[in-house]
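Trainee: Spelled out from the first residue to the last, the chains are:
There are 6 protein chains.
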Amino acid sequence: MLLHQSTWIEIGQFLERSRSIVIPIGSNEQHGPTGLLGTDWMCPEIIAHEAQKNADILIGPTFNIGMAQHHLGFPGTISLRPSTFIAAIGDWVRSLAGHGFEKILFLNGHGGNIASIEAAFSELYAEASFSGRPSGYALKLCNWWDLEGVNELAYQQFPVGHGSHATPSEIAVTQWAYPDAIKSADYSPQIANTGPIREARDFRARFPDGRMGSDPALATPQKGGELVALAAKGLVKAVETFSSEPKPS
Amino acid sequence: MLLHQSTWIEIGQFLERSRSIVIPIGSNEQHGPTGLLGTDWMCPEIIAHEAQKNADILIGPTFNIGMAQHHLGFPGTISLRPSTFIAAIGDWVRSLAGHGFEKILFLNGHGGNIASIEAAFSELYAEASFSGRPSGYALKLCNWWDLEGVNELAYQQFPVGHGSHATPSEIAVTQWAYPDAIKSADYSPQIANTGPIREARDFRARFPDGRMGSDPALATPQKGGELVALAAKGLVKAVETFSSEPKPS
Amino acid sequence: MLLHQSTWIEIGQFLERSRSIVIPIGSNEQHGPTGLLGTDWMCPEIIAHEAQKNADILIGPTFNIGMAQHHLGFPGTISLRPSTFIAAIGDWVRSLAGHGFEKILFLNGHGGNIASIEAAFSELYAEASFSGRPSGYALKLCNWWDLEGVNELAYQQFPVGHGSHATPSEIAVTQWAYPDAIKSADYSPQIANTGPIREARDFRARFPDGRMGSDPALATPQKGGELVALAAKGLVKAVETFSSEPKPS
Amino acid sequence: MLLHQSTWIEIGQFLERSRSIVIPIGSNEQHGPTGLLGTDWMCPEIIAHEAQKNADILIGPTFNIGMAQHHLGFPGTISLRPSTFIAAIGDWVRSLAGHGFEKILFLNGHGGNIASIEAAFSELYAEASFSGRPSGYALKLCNWWDLEGVNELAYQQFPVGHGSHATPSEIAVTQWAYPDAIKSADYSPQIANTGPIREARDFRARFPDGRMGSDPALATPQKGGELVALAAKGLVKAVETFSSEPKPS
Amino acid sequence: MLLHQSTWIEIGQFLERSRSIVIPIGSNEQHGPTGLLGTDWMCPEIIAHEAQKNADILIGPTFNIGMAQHHLGFPGTISLRPSTFIAAIGDWVRSLAGHGFEKILFLNGHGGNIASIEAAFSELYAEASFSGRPSGYALKLCNWWDLEGVNELAYQQFPVGHGSHATPSEIAVTQWAYPDAIKSADYSPQIANTGPIREARDFRARFPDGRMGSDPALATPQKGGELVALAAKGLVKAVETFSSEPKPS
Amino acid sequence: MLLHQSTWIEIGQFLERSRSIVIPIGSNEQHGPTGLLGTDWMCPEIIAHEAQKNADILIGPTFNIGMAQHHLGFPGTISLRPSTFIAAIGDWVRSLAGHGFEKILFLNGHGGNIASIEAAFSELYAEASFSGRPSGYALKLCNWWDLEGVNELAYQQFPVGHGSHATPSEIAVTQWAYPDAIKSADYSPQIANTGPIREARDFRARFPDGRMGSDPALATPQKGGELVALAAKGLVKAVETFSSEPKPS
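Protein chains in written order, with the working numbering: chain A, 1 to 249; chain B, 1 to 249; chain C, 1 to 249; chain D, 1 to 249; chain E, 1 to 249; chain F, 1 to 249.
Calculated from the structure, these hints are not laboratory results. Any given hint could turn out to be false.
So these bits of chain C aren't anywhere near chain A, every CB distance computed over 10 Å [unchecked claim]:
hint : residue
1    : Ala97
2    : Ser129
3    : Gly132
4    : Lys140
5    : Gly149
6    : Pro159
7    : Ser164
8    : Lys183
9    : Ala185
10   : Thr194
11   : Asp209
12   : Thr220
13   : Ala229
14   : Leu230
15   : Gly234
16   : Val236
In silico DSS-like pairs for lysine-lysine, Cα to Cα no more than 27 Å straight-line [what the hints assert, rightly or not]:
hint : chain 1 : residue 1 : chain 2 : residue 2
17   : F       : Lys53     : F       : Lys233
18   : E       : Lys233    : E       : Lys53
19   : A       : Lys183    : B       : Lys183
20   : A       : Lys247    : A       : Lys233
21   : A       : Lys53     : A       : Lys140
22   : E       : Lys233    : E       : Lys247
23   : C       : Lys233    : C       : Lys247
24   : E       : Lys53     : E       : Lys140
25   : F       : Lys53     : E       : Lys183
26   : E       : Lys53     : F       : Lys183
27   : A       : Lys237    : A       : Lys247
28   : C       : Lys53     : D       : Lys183
29   : C       : Lys53     : C       : Lys233
30   : B       : Lys183    : A       : Lys53
31   : D       : Lys53     : C       : Lys183
32   : D       : Lys233    : D       : Lys247
33   : D       : Lys247    : D       : Lys140
34   : B       : Lys183    : B       : Lys247
Some chain C residues judged to face chain B by a derived CB distance under 8 Å, without partners named [to be verified]:
hint : residue
35   : Ser79
36   : Ala115
37   : Ser116
38   : Ser122
39   : Asp202
40   : Pro248
Glycine included, each C-beta is placed from N, C-alpha and C at the ideal position.
Using the sequences and the hints given, assemble the complete structure.
Mentor: Shown next as structure tokens:
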């Protein structure tokens, strides 16, 4: 069930049978010479939308701009500062909690978001801790590649050249979902180098075409489809597990 | 051209021929007994995506959560506070300006966003004014219903019962784009009442099913298609006019 | 009754018979070659102070600095950023609400304030909406020129050359109240041009003497007096209407 | 010269002969059973307006709401939080500095403002210190009672019962300027008690009628006039001394 | 009793017999050619740690970075902006208040902190005042040199050349506690000049070696020991007095 | 070399031979029935102070309060919210960068700090990325247990019952440094349970004595000494490696 394609009455009815919701969250940032700028928000959206076809889970709108300051040296990247990101996640959660959602799972598509999302959770929890009133909700961050079996499949599909940015696995997922937007380009070296992540200017100097440790040419729509299918199952299971935890006191 | 389905290299090439971009912006909020929660961000997204099929304009990712505090009394609504909204628009603009975009047009789908978006523009301009350094960009807010001819068509299509929230015109647009998500419901009175907009609790008391002055049952996918076609043309024209203004000094 | 010329005991007594207050709010900004920098806060102050002479309404201190970033290119302009403006309006309202005021009417004298004031109202309401506790108050923005009959009179007085900034009507109001501060200057063209409002540098380039579409030489103290008399009556009526609304739930 | 009764052109001319400006700053807060709520912003305004009659100094608009959280237990008090106060002072200073003012003197009327005003100055200076670029201005806080000879005169006028809040000296100043707003009331004890200042609830419990250590019935308009005359002279001198300091490097 | 060398269970037990805590607070900033950068946080820490040896008082961790923007022109200085300082003090107080501490005494070692600490107190109190709920705690700022008899001793020890920054008294205190870190240097003039405190660049120009009005060579470890002994006694007394005030309502 | 026991002149001299600095950073929070509240800031301080005895590295003051909202249910815990933590780290870094430090290594003692520290780094880098001006510095987060060989030693010392909070390794480190503050207590189960970290109320319910997965009774001062010796060597090496990276462009 997609929240944005539902009426408020339908969401009210859903809340009578479940207090859980999934928010796809990612980033809009360069993904190397062939990856789409939307890769990191499209992947969790694709997986979450797929998952709800076969399970009674609720998927919220996609939080599509995250913390990508290090990619700002490449055209098309849009980034929030961590402080803005924390404020925005806060308002999403306050809105959802006000409706009675008790388990809010963020399905994340961008490694660079992790620290800021966890900081956002702590900011919200601290609000409760300082006020002495329980928040009434639990928050969970789940990277799509950490869903059951997904990383294993990805490394089996791409034993060499997976890397950590503009990876063949994430690009394969978008190829499966948007076959009309498959891109190709020459690049070298075939497998990009790696290194630390700092500010945008430094990043572009270290990683001239935007890839980190990856060879995205390995991606195929079929492999993407396999990843989506497995991840969608994993997401349903993760939601079930999270939902079955006792209500936050 | 959709930014999120492009590579950074393609955006770099686009910037050589144009410095303009369109950001669909809306809200995720209740739209009465039959309207979709995503109506206000889906409308500008639908129109902008349609427009770029026939013109070389660039559409960014959709800014899907806006200022909808007054709708928080209805399940499924997600709102940013104005201060968060201003911060987030700021980071979007700073990101885009850093790439060289000089004309940033926000195609808006939610009346409740207008004040906060204009405040966000002033916040950004003030940053430049206080620093004594020009920002290098111009910002424009354009509601989709204000595009050339659109309001006229809507009032011709719905001479009675258009209203101001959960209107048949916006619902028709989503019906055209998402025919599988057309909803129906009984409601009364046929045309909802009107009144001032204050906080969420007051809003729900005044407008029990969420509509303001509207009869959304008048919507049809066909009328939605007519609106989209006209609005898409209007958007292309608005972008052209904006782009032809001299570069901000 | 002027709050700042009252004791706290007198205000306590007023609160036993009314829960309404008027806050004149404006801006301190250039008003063309002959307009006073204080025009936009002096006008609502003049009207509100006049109105309370003949009615039992309470006028608070004047909020004299607003959102005027676009005028910062002209000496003497003082502006808050929207974020600061929102924070300050918030503290005024929280202070007044703490005393039991339930209807707070801002009588505004500056078009450039409107978006930020409305954003401030939403910020306050959102605080209540997120907390799940009603705010207990209603907020109203009222531009002095929108008071009953005022715009009609102004356009009757100045059928040509009224414009939108440094208008003869606002300058006439200050001439009536401060006849010793009437200024004159040569300028051309007689009626200033118009255009969009962006950052300060751009504004000064477009509107070299600060006027927008106006010919302020048309102003006379007598016409100002007529405007004040009508606006003062309109304000009393607006307060009565607002006060007669049911107490916010 | 009053800034708000001048045109931008006149301020531009003033800046050619001086880079100094005086901002009256105070608070709107309870002042005991007979003191006006506006006492603390009216006093510096009265003195500054008087001073500019006999000297070529520039007086800005009055910053009329300050840090008065401890008085919020009494009707009519309006307070900014320190964080809001700091932000607002910041924007006033940034605006004025942008026009070329180099010496900005805040003539203060409220002891409770001092810490927050000094914190605001440090916030502004820190902005410069962190950026490595000089601010170009110097800021000075001057309480009107600390102007040359004023405290001495006040203690000579009121050797007993001066106290620290709702003092006969400040009330005398407003009596001189606003003789129609002189109030009287019975109160006891004749001289109020003293104690620490904490939050509003505590303040009202300690100081039931709002006075601290004072007997405001000692005030007379004539004594107020003597104070104003002396303070106005002192202000002119303070501005001269401050202006004669070398331009900030 | 040192909080950081206690377990949470021991603090729980302490709270059963006392609701008071002392937080040493200072600054890390240049202290002239011979003073340690840590002087201003080490002094209150030394005194507080000494005091708890002979009395059942609780000393929290040292808040070691304060408001020292004016010293940023000298290597090694670390400063918070006032706004950051206020936020951080706020979180310390909210944490301690949550455990039931009702009397929180900040033992301060840096004059430049005073305004920001008092602003922080007001910010916290305002939170309570605006919410209408009592905070439940009282806050007290106490400079170590203002403890009973300390200033008198310092001026008796150093009748000439005490000054206001890099004073022989504060340097003596650190010499007593850290005899291995006693420094010496030639400087002139023997007694440094004085002047106003503004931004960092201006400060360094006025006070080239960092001293203000002082001759730190007068310091000896023995004089430091005398000051510590007296201040430690004064602190115990100040805590007793503060603790004996009625519980905040 | 300890910054706080140095003069500004000594730091100026250090900067001529190195542009690197180490900041010990931790948290003040409950550490189970026997762990000291200061454990997490004392460990990196102990290690860093030890390391500088044998190498020419510079250690800054200890940042002793971090992000520990989940421990606020236990007396003595003091926590910053992530937003405050980010602001404060920002001001430390801006201060140090202003003096010319180019490599700032935070030696961290608290797992709960990691996300917020990384978010703080991104906030600072984003400031540079948005401004288009390079920051001039590189930031590095290093947990003391991740220094070369340390984790291995800890798991060798404590093959069972190490856990993740109130671990025998961190407690051993404080026992070695503060033998007078060694505590003992009975607790059960011998090895605490584990689980997710959420808000403070939930944390205390899950982990009643504060431990997570650990048996701190295994700690001995001798094992602590071994850990400190190894970590100190590891820190010197980490600083060398970081320092040898090219200057940030």
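Trainee: Work down the list of hints and note, for each, if the structure agrees.
Mentor: For each hint, the structure was consulted:
Distance check for Ala97 of chain C against chain A: the nearest CB is about 20 Å away, which clears 10 Å, and the non-interface claim stands. For Ser129 of chain C, the shortest C-beta to C-beta distance to chain A comes to about 7 Å, within the 10 Å cut-off, and the non-interface label is violated. For Gly132 of chain C, the condition that its CB be more than 10 Å from all CB atoms of chain A is violated, with the nearest at approximately 7 Å. With a cut of 10 Å on Cβ distances, Lys140 of chain C stays outside the contact zone with chain A, its closest approach being about 25 Å.
No beta-carbon of chain A comes within 10 Å of the beta-carbon of Gly149 of chain C; the shortest separation is about 41 Å. No beta-carbon of chain A is positioned within 10 Å of the beta-carbon of Pro159 of chain C; the least distance is around 48 Å. Here Ser164 of chain C stays apart from chain A, with its beta-carbon at least about 33 Å from theirs, past the 10 Å limit. Every CB of chain A is more than 10 Å from the CB of Lys183 of chain C (nearest about 45 Å), matching its label as outside the interface.
For Ala185 of chain C, the shortest C-beta to C-beta distance to chain A comes to about 45 Å, beyond the 10 Å cut-off, and the non-interface label holds. Under the 10 Å C-beta cut-off, the non-interface status given to Thr194 of chain C relative to chain A holds; the minimum distance is some 33 Å. Residue placement check: Asp209 of chain C keeps its beta carbon more than 10 Å from all beta carbons of chain A (closest about 39 Å). For Thr220 of chain C, the condition that its CB be more than 10 Å from all CB atoms of chain A holds, with the nearest at approximately 50 Å.
With a closest Cβ-Cβ approach of about 46 Å to chain A, Ala229 of chain C is found to remain outside the 10 Å limit, as its non-interface label requires. Look at Leu230 of chain C: its CB is around 43 Å from the nearest CB on chain A, clear of 10 Å, so calling it non-interface holds up. No Cβ of chain A approaches the Cβ of Gly234 of chain C within 10 Å, the least distance being about 38 Å, so the stated non-interface status holds. Once the 10 Å rule is applied to beta carbons, Val236 of chain C is consistent with being away from chain A; the minimum gap is 39 Å.
With a C-alpha separation of about 11 Å, the suggested pairing of Lys53 of chain F with Lys233 of chain F holds against the 27 Å cut-off. Our distance criterion of 27 Å between C-alpha atoms is met by Lys233 of chain E and Lys53 of chain E, whose separation comes to about 11 Å. For the hint linking Lys183 of chain A to Lys183 of chain B, the alpha-carbon distance of about 38 Å lies beyond 27 Å, and the restraint is violated. Only pairs whose Cα atoms come within 27 Å are accepted, and Lys247 of chain A paired with Lys233 of chain A is accepted, the gap being roughly 24 Å.
Restraint check for Lys53 of chain A and Lys140 of chain A: the C-alpha separation of about 22 Å stays at or below 27 Å, so the hint holds. Proposed proximity of Lys233 of chain E and Lys247 of chain E is supported: the alpha carbons are some 24 Å apart, at most 27 Å. This hinted pair checks out: Lys233 of chain C and Lys247 of chain C have alpha carbons roughly 24 Å apart, not beyond 27 Å. The hinted pair formed by Lys53 of chain E and Lys140 of chain E meets the criterion: a straight-line CA distance of about 22 Å does not exceed 27 Å.
About 19 Å separates the Cα atoms of Lys53 of chain F and Lys183 of chain E, which keeps this hinted pair within 27 Å; it holds. About 19 Å separates the Cα atoms of Lys53 of chain E and Lys183 of chain F, which keeps this hinted pair within 27 Å; it holds. At most 27 Å may separate the alpha-carbon atoms for a hinted pair to count; Lys237 of chain A and Lys247 of chain A meet this at roughly 18 Å. Between Lys53 of chain C and Lys183 of chain D the alpha-carbon distance is near 19 Å, which keeps this suggested pair within the 27 Å criterion.
For the given pair, Lys53 of chain C sits about 11 Å from Lys233 of chain C by alpha-carbon distance, which is consistent with the 27 Å threshold. Distance check on the hinted pair: Lys183 of chain B and Lys53 of chain A sit about 19 Å apart at the alpha-carbon level, within 27 Å; holds. Restraint check for Lys53 of chain D and Lys183 of chain C: satisfied, since their Cα atoms lie roughly 19 Å apart, inside the 27 Å limit. About 24 Å separates the Cα atoms of Lys233 of chain D and Lys247 of chain D, which keeps this hinted pair within 27 Å; it holds.
Our distance criterion of 27 Å between C-alpha atoms is met by Lys247 of chain D and Lys140 of chain D, whose separation comes to about 14 Å. Pair hint Lys183 of chain B plus Lys247 of chain B does not hold up; C-alpha atoms about 46 Å apart against a cutoff of 27 Å. For Ser79 of chain C, the interface hint holds, the least distance from its beta-carbon to any beta-carbon of chain B being 7 Å, beneath 8 Å. Annotation: Ala115 of chain C was flagged as interfacial toward chain B, and the flag holds, the nearest CB pair being 4 Å apart, inside 8 Å.
Given hint, Ser116 of chain C at the interface with chain B, holds; its Cβ is 5 Å from that chain's nearest Cβ, closer than 8 Å. With 8 Å as the threshold, the beta carbon of Ser122 of chain C comes within range of chain B, its nearest partner Cβ sitting at about 5 Å, so the hint holds. For Asp202 of chain C, the interface hint holds, the least distance from its beta-carbon to any beta-carbon of chain B being 6 Å, beneath 8 Å. Restraint check, Pro248 of chain C versus chain B: the minimum CB separation of about 6 Å is within 8 Å; hint holds.
Hints 2, 3, 19 and 34 from the earlier list are contradicted by this structure; the remaining hints agree with it.
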